[in-house]
Each structure stands twice: as C-alpha cells, then as structure tokens.
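Sequences and hints are given; from them, build the entire structure.
Protein sequences appear in the order of chains A and B. Okay, so the first sequence: first residue is 1 according to this note's numbering, each after it adds one. Okay, so the second sequence: first residue is 1001 according to this note's numbering, each after it adds one.
Don't take every hint at face value.
To be verified - What the simulated footprint calls covered on chain A by chain B, stretch by stretch (three residues with Cβ under 8 Å from a Cβ of chain B suffice, anywhere in the stretch; the number is not a length):
(1) 190 to 200
(2) 203 to 209
(3) 252 to 266
Unchecked claim - With a straight-line cut-off of 30 Å between C-alpha atoms, the simulated BS3-like cross-links for lysine-lysine are:
(4) B/1137 with B/1172
(5) B/1394 with B/1237
(6) B/1135 with B/1105
(7) A/294 with A/217
(8) A/217 with B/1105
(9) A/224 with B/1394
(10) A/224 with B/1137
(11) A/131 with B/1105
(12) B/1105 with B/1137
(13) A/294 with A/224
(14) A/40 with A/131
(15) B/1137 with A/217
(16) A/40 with A/137
(17) B/1394 with A/217
(18) B/1172 with B/1135
(19) A/131 with B/1135
(20) A/131 with A/217
(21) A/294 with B/1172
(22) B/1237 with A/224
(23) A/224 with A/137
(24) A/131 with B/1137
(25) B/1394 with A/294
Everything labelled a hint here was simulated from the structure, so no lab data went into it. Here the structure is a predicted model, which means the values were calculated and not measured. Here a beta-carbon is modelled for each residue, glycine too, at the ideal position from N, C-alpha and C.
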Amino acid sequence: MREETRREAVWQFLTYAFVLLGAVVTLVPLYWIVVASTLKESEFLSSTAPRLLPGDSFLSNFQALQARDNVQFVGHPGEMTQYIEIGPLYVAYDVWHLWDLGAMGSSVFVAVVYTLLSLVLCSMAGFAFAKYEFRFKQPLFYAILATLILPIQLLVIPLFLLMAQLDLTNSYWAIILPWAANPLGIFLMRQNMQSIPDALLESARMDGATEFQLYYKIALPTMKSSLAALAIILFLFQWNLFLFPLVVLEQGKYTIPVAINQLVGAQRVYYDQIMVAATLSIVPIFLLFLVLQKQFVSGILAGSVKE
Amino acid sequence: MSGITLDTVRKEFSTGDEQIVAVDDVDLEVRDGEFLVLVGPSGCGKTTTLRCIAGLEDVTSGHVRFGEEDVTGLRARERDVAMVFQNYALYPHMDVRTNLGFGLKLSTQLSSAEIDDQVEDVASMLGIEDLLDQKPKELSGGQQQRVALGRAIIRDPAAFLMDEPLSNLDAKLRAEMRTELQTLQHELDVTTVYVTHDQTEAMTMGDRIAVMNDGRLQQVGTPEAVYRTPVNEFVAKFIGSPSINLFDATVERTGDTAVERTGGDGSVGQTSDGSVSQTSDGSVSQTSDGSVRLDGVGDFDYVLSDPTPVADHESVRVGIRPEDVTLADEGTTVETNVLEPMGNENFLYAQLGDQEMTARIDPSARPAPGDPVTFTVPESAVYLFDPETGEALKTKTDEAAPPGTGDQPTNRVDGVAE
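What follows is the structure, encoded as structure tokens:
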C-alpha cells in the first residue's frame, strides 16, 4: 500500500469514527427514553444493574399515566360527543372551550394550526421583504429580526396580561397567536425568496397574474422545500413551547411539555410515566419528518444541478 | 395588433442621492407589424425602454401608446403584450404544457380543453410537442427558448417584447433561432420590439433598428441606412463587424500640385510629400479645384476631391470600414500585426501610427507579421465625423441603397463605386 493511500485510509477511519461518536452521543438518550418507557421504574433506575434492553411494561406504564387525575395524556373521545352535537358551530366553540383533547391532542392541534398559520404569514411577509420595495423596508426588517433577542421568559407577563385583556386566557389561541408571525420564519422565507429570479415574477405579471397570484402560484410552489423546512422548525418550536402554555393554560388544555411537568410531583417523580409520555411525544415529530423528508431532500438536490 | 409609440419617455432611477437617467426623453415609433431591434451597449437603457413598454417599469415622464390607446398608466397585465426574457423565466414547478397555458388560464375565460388545444397548436408550430410533459429543468437551452417563445405566442398579444432572447444560446443555435424567429415574426405579423447588444442580430433581424447610447436614441432606420449613413461616430462604431477604424486627421487645404502628385484619382497620397505638407502652413487657401488633404495618424494622408464636408473644420475624425479597404500598390502603408485567415476572407490587423486598424482583405493576400502593406480606400467609402460633437460630416456616397429605404440588400463588399 502506498504511503498516501494509507494516510487517506487512516483519515477516513478517523472521520467515520468521529461521525459515529456524534451519532451515538445523540441517539443514546433517545434510545434510553424509548427503552425506559417499556420497563418498570425499578428496572431502569436500578443502581446496581440498570436494564438497557426493552421490556414489556409499556402498556401498564401507559395505563398508569392515563389513570392519573391531574393529567389527561390522551383525551377520551367519548367525552367529546357532547360538543359534536352542537353542529357546525362546534369548531369555533371548540377552539375556546374544547376541554378533553388531552395533552397529546392539544399539542397536535395547536402545533398544526400554528404551523399552517405561521407558514402563511411568514411566507407572505418574506415575499414582501424579498421582492417589493416600500418605505422603511430595511428598518422594519431589522426591527423584526431584533425581536429574536427577546427571550420568552421576558414576554410571559406582558403577554399574559394582553391575553387576559383579549379574553383569550386558557384558550389555544393564546399560545398560537403570539408567535404566529415568527421572526425566524420571516427571516428564512425572505432569504430564500430572494433567490426567486425577478424575471420569473415579471414573466407571470406579463402573463396576467395579480400580485397575489405571484405569491400563490409562483413563489409558494417554487419555495416548497424551504416551506417544508420551515414547517418542521415551526412545528418543533410550538411542540417544545413550555413556559407560556404553563402560565396561560389550565389543566384540561395542557400541552405535552406542561403535562409532563405535572408528573413531577411533590413527593415523587413518576419516571416511568414521564418516559412513556416522552416516547409518545416523539412520534408526531417523527411522522412529520418522514412526510416532509422527501421535500426536504428534493429541495436540496434541486439547487445542486444547473437549471 | 397595433403600433407602439413612445412619446418623450423618460425614466430616472434614484440610488441614494444620485439620479440616474436610464431613458432620456426617447421618441420612437414602432410600426404595426414591424420587427424593430433596439440595440446598444450594455447599460444604454435599451432594456429599461423595453420594460417601460411592457409596463414593468413606470415611466418618470412621457407617454407610451399602443395604437391610439395611451397605456402609460396601465399595469403589465393590462397591456396585452407578451415578453420573452433573456433567461427564459419558465416556471420551474410547472411542466411545459402548464407553462404554455399559464397566461391563457390567468387572462382569459377559456376552458381548460380550449387552452389545451391552443397549447398543442403552438407546441406543434414550434416543434416541441414531445416536450409537453417535461419540466423546464429537463430541457436544453434551445428547448427552453422555444417554450419561452411559445408562452409569448400563445397569448396572441398586440406586441412581442424580447429582451436578448438568444444571448444564452451557443453560437450555432443562436444563428438557427435568429432565422426561425424572423420567419415566425413574419408569419404572425405581430409588432415586435427586440432588445439586443449584438449588432449582428440587429443587422440581420430588424426591419428597422434603433441604436441607443447613454439613454438617448441615436438613430432609427433600416439596417442598411444605419450602416451606411450613421448619424454620428458612436453609431458608426457600434454598427458593423469588425467595427469601423477611427482616427484623428487634420484638414489641410492644398493647391493643385499636391493633387497631381497623388495621381488625381481621389485616392490616397503617398508619404514622401506628406512630411512636406505637415511642416508647411496648414492654412493654405483652398484652390479652384477644391481638393483638401487629410493628414492622419501614421502614414495616413488622403486627398478629398470634394471638400464640402470638412469646409468648417481644422480637424476631423476619419472612419474607414474594414471591408472598404483594398490592397494596392500606392496608398497608405501600414505594418502587419496579425493576419486572421477565415477561409473566405482574411482579417488583417495592422499598425497605423499609434493605433491598430482592421481590414478585410482578399483571402489570397497573406502578409506575414511585420510585413508592410499598402492599402487604399475609395473616397465614396470614407466616413468623416466632427471631432467635438461626433456628428457625421460625410458617410458612404457610393451607389447602393439610398439612405432611409431598406429594400436592397446591403452591399458589404464595397469599392463598387470605383
């Protein structure tokens, strides 16, 4: 073997080893959560021989979680019929007063609505900032970016007061609306939409498109992969939101992070139930990524070839 | 279908504190069904002018009319014009069929079946039926170009606007598309404004060409007229390939003797006496036979038999088209720098004083670098320009197409006047 080839092989080995180490460090906690959710607390918290292989206690852990009276993790569908009977007004009523969605349902509902709403707002704002000229465009944009430095902790009290004034406390809207125009999302969409050639939009204008059609029929479809990426970011952002939901929501509307927090009791921490809840909370994210992954990857590849 | 009129159209851009005049009070009339080529160097305002016609830019002042209708205040989509962009601007997420039908879908009430019929028609006209289900990124440059054209044609607009549509194609394809575009335009008989910086495209494609520079319209006319009788030095330099040789010359009014020594054929004077005339007083009064000598760079020394164009000038800019140069025994002698044999003709790059000149010469003549070459130019082919204003004092006067008409083909191999 020549000296150079050997050195190359060594480098390659080191590179792979490093990447592998990274993967292990990332995946082990995840694995631990999933495995722990299938074990009895005594098995995985054992200080002498913690078990690292899956057991068969998942269902019993889940039942214990469901049986708690301060948390309803997965809602009881039977109890929802009373609202469905109200008819078409149900949905509107629902948003304010739906009670028994359970933490899982609440989180999914809020994250989905938030993601859709925010995608629309962010892409519209991003389109405007990227492709239109208007007064105070730069200062406005920087002002929006500047809001990124405000931590949620700082906003909790003023936001709560605002929501109280709007009569939105203990409503899902209280955790959807404040972040609907997500500054990070606006920034991302603006950056990506700047890559839309002006000629493309002008071409559509010549073809008779209105300004809204430019956004809807040209900008959005060409931005599919960016939208997919942003959707994941927004969904995760809402999914992980903890402090403000804790403050503004009441027990029946708890989202998953808040619900899990309730499992940390004064006398006892229910690790087995926490592990089940955490495992279940990963599932929707996992599904979302599976669905959007194709867009994600195709978007990455589309940019790599000459068009 | 209608003509297009630009009435003192002005477009200013402001970048910070600076006002840039991109289009400077342009008056232009494009006749109904005409193929007008707007040509000029980059940054001359030709594209901005086109965009003003399209409605993609608001004009600062002036009016744009289609036929009788004033469209100045209308938006692009209300103007009934179609535009082909330099980079084609096909919608990347739609297949060719949808790309072609997009305009009809947005601007008409046609059913999708009717739109589909028209798409098929246009596709077969352009020979792209097989590509209808492909995405733009799967097409070659030439195919994309056709789709872009089809997208304009299908709308059956009052006018086509084309912004350097061929500049992204390779040379061979460009030549092909050039003729194809012309044929298509003649068939459809739609008023067309075509922007290019390529003077070959301008010369070969336009019914008329409009030369722009610095936001101002320099000259409008048939390609022949602009080539033969440019209004100023800029137009002369811009139109014609290889471009015209230009240099300074002083005007010297001489007596009969000088004329006799040059042979009296209105041709170029040889050097031996050139030095004499340079040292002599340049204000020798004009004699009865009226000839005038031009003393230029290097060896250039030329007797004009008709002094009228230079009557009020002490110096002029002389312009000689490379194709008007003929090698001769007597005339101006220059030193060969490079010879480019093209097969049917040779391009000679030679040193004339401190500048290089280009000449198109017979393929049989093959001077080696360093060789002296003597050439002559018929007086009818000499261009003279005012050195200050650049205005043309004299242009071609040989018998070919009279300026202003474009019915006869350009006789580029000149010298026929002799």
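- Query: Any hints this thing doesn't respect? Which numbers, in order?
  - Reply: 3, 9, 14, 16, 17, 21, 22, 25
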